[in-house]
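2 protein chains.
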Amino acid sequence: MRRILLALATVVGVVTALPAAAQFQKPEDAVKYRKGAFWVMGQHFGRIGAMVQGRVPFDGAVAAANAEIVADMSKLPFAGFVEGTAGTEKGTPKANVWTDKAKFDAGAKKMQEEAAKLATAAKANNLETLKTAFGSAAATCKACHDDYRN
Amino acid sequence: MRRILLALATVVGVVTALPAAAQFQKPEDAVKYRKGAFWVMGQHFGRIGAMVQGRVPFDGAVAAANAEIVADMSKLPFAGFVEGTAGTEKGTPKANVWTDKAKFDAGAKKMQEEAAKLATAAKANNLETLKTAFGSAAATCKACHDDYRN
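Protein chains in written order, with our numbering: chain Z, 1 to 150; chain Y, 1001 to 1150.
Keep in mind that the hints were calculated from the coordinates and are not lab data.
Don't take every hint at face value.
[Unchecked claim] Derived DEER-like restraints, expressed as beta-carbon distance ranges: (1) Gln25/Z x Lys1123/Y: 39 to 45 Å; (2) Asn1150/Y x Gly84/Z: 29 to 35 Å; (3) Asp1147/Y x Val56/Z: 32 to 38 Å; (4) Gln25/Z x Asn1150/Y: 41 to 47 Å; (5) Glu1128/Y x Lys110/Z: 37 to 43 Å; (6) Gln1025/Y x Lys101/Z: 41 to 47 Å; (7) Asn1126/Y x Lys94/Z: 40 to 46 Å; (8) Arg55/Z x Lys1090/Y: 45 to 51 Å; (9) Gln1025/Y x Gly135/Z: 19 to 25 Å; (10) Lys94/Z x Glu1128/Y: 30 to 36 Å.
[Claimed, not checked] Below are the PhoX-like pairs computed for lysine-lysine, each with C-alpha atoms no more than 25 Å apart in a straight line: (11) Lys110/Z x Lys32/Z; (12) Lys1103/Y x Lys32/Z; (13) Lys1103/Y x Lys75/Z; (14) Lys103/Z x Lys142/Z; (15) Lys90/Z x Lys1026/Y.
[Claimed, not checked] Interface residues of chain Z toward chain Y, partial, derived using beta-carbon atoms under 7 Å: (16) Gly36; (17) Val40; (18) Phe58.
For every residue, glycine included, the Cβ atom is placed at its ideal position computed from N, Cα and C.
Could you build all of it, start to finish, from the sequences and the hints given here?
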């Protein structure tokens, strides 16, 4: 049985196989984790945004380095959405993160996919290609923020 | 000249070629960044620690997944140590981060090297190998915390 469970865990993804809460000692730790991961991701995403919006000169290598970090970071924050950590203050998650979980998870997956596409697009070293991919990725951020964030 | 500078930036590393502060809009953003990156890293490092210390059963695949994230995350927080963000409260960096910068940077590099070694060691799927690499990595965390953290 243990062997079957282990094999199953390997198939479905070892980390996500555990309930998210089991990975954190306290709910506050999970909140701090998701906020930290989103913040780090947002800083790197913002640096690409600054190029896309012409606030800083385009530099393909810098864009690619930042997009790589965005793609890596995009995998992390969702484990931090443990039950019982909804809020009402600005910036906190609404309860529908958990009551409408399948849709929330689909939105998270979409964002991760667009982040991966952004990392690939950024390697093209072309501002127009970067702009398109950045726009698609930014739309997935906004979609979830609109629906699930106070 | 611009071409030479660009070539140089590529050689020495595009992101670190810029002064760290130039990457953040406000010093508070940099502080939030380094704290977030360390917290995320610490959570994953702690999960390996729990196995090493026998608090949770050893699972090689989970250890390897966590070590991979630790190695990736180890590259990030140091950009957040921008000038003027020393503190006196518990957990804040002491001023010697900046006055003794070469030594601090060497400590950071050592930690990153040990995190990379941990990621390699974790793939061996052997608890004793993991323990050794975890101990070496943990020692690099402690060394800097002892010297540079209030």
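Hints, verified against the model:
no., hint, in the structure
1, Gln25/Z x Lys1123/Y: 39 to 45 Å, "26 Å, violated"
2, Asn1150/Y x Gly84/Z: 29 to 35 Å, "32 Å, holds"
3, Asp1147/Y x Val56/Z: 32 to 38 Å, "35 Å, holds"
4, Gln25/Z x Asn1150/Y: 41 to 47 Å, "23 Å, violated"
5, Glu1128/Y x Lys110/Z: 37 to 43 Å, "42 Å, holds"
6, Gln1025/Y x Lys101/Z: 41 to 47 Å, "34 Å, violated"
7, Asn1126/Y x Lys94/Z: 40 to 46 Å, "45 Å, holds"
8, Arg55/Z x Lys1090/Y: 45 to 51 Å, "37 Å, violated"
9, Gln1025/Y x Gly135/Z: 19 to 25 Å, "22 Å, holds"
10, Lys94/Z x Glu1128/Y: 30 to 36 Å, "47 Å, violated"
11, Lys110/Z x Lys32/Z, "23 Å, holds"
12, Lys1103/Y x Lys32/Z, "30 Å, violated"
13, Lys1103/Y x Lys75/Z, "33 Å, violated"
14, Lys103/Z x Lys142/Z, "15 Å, holds"
15, Lys90/Z x Lys1026/Y, "21 Å, holds"
16, Gly36, "3 Å, holds"
17, Val40, "5 Å, holds"
18, Phe58, "12 Å, violated"
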